[in-house]
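K.L.:
Here is what each chain is made of, one letter per residue.
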Amino acid sequence: MSKRKVAIIASGGGLDSAYKVLNIATAAAATEAEVAIFFTFEALAIIHKDAATMLTMGPGKEHYVEGFKRANVPSISELLEVARETGVKMIACQMTMDVTGMTKEMFVDGVEVGGAVTFLDFAYDADVTVTF
Amino acid sequence: MSTQHVDKSIDCKGLSCPMPIVRTKKAVDEMQPGQVLEVLATDPGSVADMKSWADRTGHQFVGTEEEGGTFKHYIRKADANEVKAEQKHPHTISNEDLQAKLGTTPVILDVREPMEYHFGHIPGAQLVAFGQLEERLAELADLKDQEIHIVCRTGNRSDMACQLLAEKGFSHVKNVVPGMSQWTGPVEK
Chain A
1 MSKRKVAIIA
11 SGGGLDSAYK
21 VLNIATAAAA
31 TEAEVAIFFT
41 FEALAIIHKD
51 AATMLTMGPG
61 KEHYVEGFKR
71 ANVPSISELL
81 EVARETGVKM
91 IACQMTMDVT
101 GMTKEMFVDG
111 VEVGGAVTFL
121 DFAYDADVTV
131 TF
Chain B
1 MSTQHVDKSI
11 DCKGLSCPMP
21 IVRTKKAVDE
31 MQPGQVLEVL
41 ATDPGSVADM
51 KSWADRTGHQ
61 FVGTEEEGGT
71 FKHYIRKADA
81 NEVKAEQKHP
91 HTISNEDLQA
101 KLGTTPVILD
111 VREPMEYHFG
121 HIPGAQLVAF
131 GQLEERLAEL
141 ADLKDQEIHI
151 VCRTGNRSDM
161 ACQLLAEKGF
171 SHVKNVVPGM
181 SQWTGPVEK
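Chains as they are written, first to last, in full-length UniProt numbering: chain A, 1 to 132; chain B, 1 to 189.
No lab work stands behind these hints: they were computed from the structure.
Please note: incorrect hints may appear among the correct ones.
Within a straight-line C-alpha distance of at most 30 Å, the following computed DSSO-like cross-link-like pairs (lysine-lysine) qualify [what the hints assert, rightly or not]:
(1) A/LYS69 <-> B/LYS72
(2) A/LYS20 <-> B/LYS13
(3) A/LYS20 <-> A/LYS49
(4) B/LYS26 <-> A/LYS69
(5) A/LYS69 <-> B/LYS51
(6) A/LYS3 <-> B/LYS72
(7) A/LYS104 <-> A/LYS5
(8) B/LYS13 <-> B/LYS72
(9) B/LYS26 <-> B/LYS8
(10) B/LYS101 <-> B/LYS72
(11) A/LYS49 <-> A/LYS61
(12) A/LYS3 <-> B/LYS88
(13) B/LYS13 <-> A/LYS69
Isolated chain B, as found in the complex (with noise of 0.2 Å):
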């Protein structure tokens, strides 16, 4: 690629999964961000692997050129702040401020299975159970332009779960973190 600057590059040949990533992996971490990095490699599986390891670590894949049986594989590495900003949702409250809006009866969803729920919740919360979210969608369409409160023990189902009522259309979803784990607040049984 001679209208790329590489900065780095890699000889993965002759190595078979899942080699060429782990070298990948360990050459980005010792590399700045903006800079790109050429892998090497003749494992034909690298082609599909590096393309999904860059998309889940948020670094960019520029592209894969093949020549001779050896295959370049081009990878930008990404800044800190945009490696992985897509996977998250956005919106988030921490516990301390749902906990001082308790008063004012916010909509509360709790995704976590119906035995965590039942050994304690936030007074008031709705069980929807994260594996339920997506066929009990129907029920909540009442409340798509409520601000809706996602809670589960340390934040990762509610964020899959705010990520997917977003897709759907909710207006006003956040993500209640770090969760029930830390919360200090009351609990109904």
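Just chain A, same shape as in the assembly (with noise of 0.2 Å):
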């Protein structure tokens, strides 16, 4: 029996993205769809090692922050950890990766190095398609 399959594109590297990105995520794997994150441009740092340190904010959106505290939202290792156990596939953009710089032993665990096709291949049969 197919299961649904959901397919998204990240490409901005705020905190709120990286938030937006993994709640989706982790609720679509948890509700046993297929799921898979295509990471690009800025969004590179949501699965960085040091995406606690790279991942902010933007001006005005500050007090995001304290609210995060006060409603007990999970960290984004911690959403990245349910990702990965859940089986969500996560795919790092190559020409990002080469523009920037970065290479595979910056991200977390679990992540792929792709292409645009790499990505398209789920996408195409996805049910669901998000772009944060």
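With the hints as a guide, bring the two chains together.
P.N.:
Okay, structure coming up:
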């Protein structure tokens, strides 16, 4: 029996983008969907080992940080862990890596590197596609 | 819920979305069919989410009770064969069986995109892209009581198309599985 497929494109690198992407991804995976995320441009910060220091809220949105704490929102690393455990496919954009000089070793475990076609291969049959 | 025997209880109090759902999924995976899970949560969003989650995964949402700001959600794990059973169109035909019937000019609707159809389709198949199916129903009205074979690339879009047509009163629709990705019969361009 084939599963629902959710394809997510992440291009924004703020802390808010990270939450949008990972909340949808982990909720979808928990609902037994197959999920793939294509991380490109600034969004590579989300899967970077130094995400905790790289991801910030943009100007004027600092109040969220306090809100996140108050609402006991899980940390990005916790969500990444859940994503990996539940089989979310995380693809880092090769082109952006070349442009910024990033290497696969800079990313958390479970990330694979691919081009746009690697993601599209999955996305063609997706039931839901979201862009952040 | 004193009237209900609970097999397992998980504490998601203080956790925000999506953690109650993530934990629920994990807990249900470790349980036996028929067992009941209790989820304690304080996230008000969990009330709607828990129900949607159960509907989507095919497990039974028994109900929610609130007590002093804590929600108690009850989920009954479904049997493997009752999970998702209602989400699939029940009538299918294999690629091979359809190929064997080609001599009798069966009605075949190809619900892929025009470009996919252009690069190769089953001889005699009619193109009705899934996105246009609903608005083109009137053209198909003559086929209502005929046997219709619906094909796409892997069987997903055609499954949705079958469900749509069945809902609109088409009585003999069959999903061709797995579809064109594995089709070894004749192809027309």
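K.L.:
All the hints need checking, so say for each whether the structure fits it.
P.N.:
Hint-by-hint comparison with the structure:
1. A/LYS69 <-> B/LYS72: 24 Å, holds
2. A/LYS20 <-> B/LYS13: 22 Å, holds
3. A/LYS20 <-> A/LYS49: Satisfied, since the Cα-Cα distance of roughly 19 Å is no more than 30 Å.
4. B/LYS26 <-> A/LYS69: At roughly 24 Å apart (the allowed maximum being 30 Å), A/LYS69 and B/LYS26 satisfy the hint.
5. A/LYS69 <-> B/LYS51: Distance ~27 Å between A/LYS69 and B/LYS51 Cα, so the pair holds.
6. A/LYS3 <-> B/LYS72: Since the Cα atoms of A/LYS3 and B/LYS72 sit roughly 29 Å apart, the hinted pair holds (cutoff 30 Å).
7. A/LYS104 <-> A/LYS5: This hinted pair holds, its Cα atoms lying about 25 Å apart.
8. B/LYS13 <-> B/LYS72: 10 Å, holds
9. B/LYS26 <-> B/LYS8: 12 Å, holds
10. B/LYS101 <-> B/LYS72: 55 Å, violated
11. A/LYS49 <-> A/LYS61: Roughly 24 Å between the alpha carbons, so the hint for A/LYS49 and A/LYS61 holds.
12. A/LYS3 <-> B/LYS88: This hinted pair holds, its Cα atoms lying about 11 Å apart.
13. B/LYS13 <-> A/LYS69: At roughly 15 Å apart (the allowed maximum being 30 Å), A/LYS69 and B/LYS13 satisfy the hint.
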